[in-house]
Amino acid sequence: MTTQSSAEYEKYYVPEKSKLAVCATLGLVTSTFGAANVMNDMTFGDGTTGSSWGIFLVGLFIFSATLFGWFRMAIKENLAGLNSAQLKKSYVLGMFWFIFSEVMFFLAFFGALFYVRNLVGPWLSGEGDGGRMNHLLWEGFQYAWPMPQTPQEAVGGVANQPIANMGTFQSYEKSMAFSDAAAWYLWLPLWNTIILLSSSVTVHIAHLGLLNGNKSKFNLWLGITVVLGMVFVGLQALEYYEAYAHFGLTLNSGIYGSTFFMLTGFHGFHVLMGMTMLLIQWLRSVRAGHFTADDHFGFEASSWYWHFVDVVWVFLFLFVYIL
Amino acid sequence: MGDHHHGPAKGLSRWLFTTNHKDIGTMYLWFSFAMFILGGAFAMIIRAELFQPGMQLVEPAFFNQMTTLHGLVMVFGAIMPSFVGLANWMIPMMIGAPDMALPRMNNWSFWILPPAFLILASTLFMEGGAPAFGWTFYAPLSTTYAPPSVTFFIFSIHVLGMSSIMGAINIIATVMNMRAPGMTYMKMPLFVWTWLITAFLLVAVMPVLAGAVTMMLMDIHFGTSFFSAAGGGDPVLFQHVFWFFGHPEVYIIILPAFGVVSQIIPTFARKPLFGYDSMVYATASIAFLSFIVWAHHMYTVGMPVAGELFFMYATMLIAVPTGVKVFNWVTTMWRGAMTFETPMLFCMGFLVLFTIGGFTGLMLSIAPADFQYHDSYFVVAHFHYVMVAGAVFSMSAAVYYWLPKWCGKMYSETMGKTHFWISFIGFNITFFPQHFVGLAGMPRRIPDYALQFADFNMMSSIGAFIYGASQILFLYNVIATIVSGKPTDKEKVWEGAEGLEWTVATPAPYHTFERPPAVR
Ligand code: HEM
Ligand SMILES: [Cu+2]
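Heads up: the sequence lines are chains F and S, in that order. Per this note's numbering: the first sequence = residues 1 to 323. Per this note's numbering: the second sequence = residues 1001 to 1520.
If you're looking for bench data, these hints aren't it; they were derived computationally from the structure. You may find that some hints are simply not true.
[Unchecked claim] Coverage of chain F stretches by chain S, computed from C-beta distances (three or more under 8 Å per stretch; other residues unrestricted): (1) 28 to 37; (2) 48 to 59; (3) 107 to 115; (4) 177 to 185; (5) 194 to 203.
Don't be surprised by glycine CBs; every beta carbon is placed ideally from N, CA and C.
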């Protein structure tokens, strides 16, 4: 950063005191408290979760309403000209490092996947340094990926296994890997890849339109991006339905099911968030005429998020579906 | 003064709704002190039980809950928020900024902390008791064998992780974007540098911790098998994910402490910091290395030999930049015009005791030797030397050093020094003997022990009560200073102090640097 004139600094907008943080806290804490109660009712209680769901939903409502108000206020401040170039840069930095933190979150799950595939699997089946205990613990377990048989199944079920754990792990009947070359066009992940990659292009076209001051081009291509996002989420839901209904692939399907659903699930959730962000930008543009060629941070931040989600998918496609 | 900037609002709303970095810093500091007392109370229970061999005061299960909550509350509730509070107060003043870059989010990062700890503390009263699996919450203790309260533990970790990430993003944005004209990176005070690097570490590893607890949550409630070999997962996977967070975490704790010491020693040696540039590079190298040493916590878990060796050498490497730092601090004092006011005393204590902790760390880093030391009281001694005599001592130093600037009153030097000496002596009586019992084979996290460890444990317990009492004195000193300390309005409270924070009025006005200062 080079020197900035001190005039720029004088305008840094330090907001007046605000109730937003406390309301958001209330919402966040109530919803997490409710969520924890729902899960405990489910796992440790008698299974009735009604009132806990109530707490969770109330919290979620307060939280969402506060965030809505928060962003609305930030937008209004910007429209009112309170935001100096310097403040805008703070927002840019904030968004950038937020996305970085998201990358690290995914890294934890990818790390788990690599660790399991390269080390744990072979060790459980008796290979290498870690495999000495195979004959005592998981006799007969053969490692393959996707994992067609869990160690528990290999030793003949939960009753025969030598160490305790939480429940039964039944492997899938059919995995999500690419299987039928003749019917490649029925393989959903391929379509999802095409859709998500093109949506990165369309959002970029929208951005170019905006930079040229062409709002109708912007609205059109941003709209297309949102629709592509919706289609992606729809197909992902369809894939999950198939997994549960026809493939016998569930969260209980051992580590393959665990990593598959957690990686694609968190990714899908992020797509949903990114899509919502883009949809809001679209509504802002179409309904309220927001965004100009040189002032459109809300859109830009959402589009960075969208590209990030896209890149994560490329890795997912590679390591979860193909390799 | 800007047109809509007033002084603080009146009453509770000032604190609830504030966007002011000084208010928020103050809240962080008080909150962390409250957690320090709470965590300290847990420690007193632990030491009371260990006063003598045999079971006398608490049930083993409750003892385990105490060690767990003690660690969690101290790490996440006392040490981390205290340094975030310090960052809030000092970074804008040190770089000539009017406030933090994102003031409303700043308030939010603070306010989600107290409820998160309320939830964590409330697990004590839940069916099955509080988490009892240690602050490192290894699976399967924390999954298959965990009490139901583990769910609340997981969510409280999520919430306080969010707080840390938002706080860190705010600090990064502030340092990168809000420096006064002329305040180039290589002119920033070291406290700002160490916090910038700490903030990178936080943004990088708190999400990984979130990943770890999320995997636990899924294993417990939704049938996944991340940490269950029966499903093809691995409990050791938990340790890898946890320590990928955990080792950078210990540097998140100590780097800001390094920053504090690097501010204070030059002031009382009346010499500029020796080797400023090398301090910056050393900090950055430590941060980088901290990502590739995590498995030194797992030598005994059964890693391939190549892994043991890699992590051993990488760990030893960290001692090099750490040594550079210690060398620079000592050299700063060399031929300085030294005086030993309370902040300086705490820094001296830091320097000596942290270095001892660094050496025991080096001993632990030797994989074959660690097979012997691992999970013994030697490890407990090691990390208390670095975390208490390192982080907590430097935090005390920071409070005495900047308190006059914050409230315009001088603390009583006699009382401050009394606090120091009682802490210093109490600390060493507590933790030095733990090296010996550890080397002799006393395992950590147990409520009872073999007879031959009795004497040293009794010493430890007595030391702990002394150390605990000295913190009450600390509280007293701070309150007494605020209420009835000798007023001062010298801008430069310490004659040898350098930096922008000493150019503003004392006590620091509610808003500082609304116009950026000129930095040469
Ligand atoms: C020269 C620098 C250091 C080295 C070589 C080092 C090395 C180690 C090693 C090898 C262990 C594992 C011992 C075992 O469990 O068997 C350990 C534990 C630990 N270290 Fe350090 N360390 C260093 C500095 C620090 C610092 C600066 C901190 C924090 C401020 C720290 C905090 C801890 C903690 C909390 C543990 C124990 C974690 C647990 O199991 O509960 N260390 N250290
Ligand atoms: Cu470590």
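Outcome, coverage hint (the segment 107 to 115 of chain F, chain S; C-beta under 8 Å; three residues): holds (count 6)
Can you tell me if the segment 28 to 37 of chain F counts as covered by chain S, using C-beta to C-beta distances under 8 Å and a minimum of three residues? Check passed, 6 qualifying residues.
Outcome, coverage hint (the segment 177 to 185 of chain F, chain S; C-beta under 8 Å; three residues): Violated, because only 0 residues of the segment 177 to 185 of chain F bring their Cβ atoms closer than 8 Å to Cβ atoms of chain S.
With a C-beta cutoff of 8 Å, work out whether three or more residues of the segment 48 to 59 of chain F approach chain S closely enough for the coverage to hold. Per the Cβ count (0), the hint is violated.
Are three or more residues of the segment 194 to 203 of chain F within 8 Å, CB to CB, of chain S? violated (count 0)
Violated hints, in rising order: 2, 4, 5; the structure is consistent with all others.
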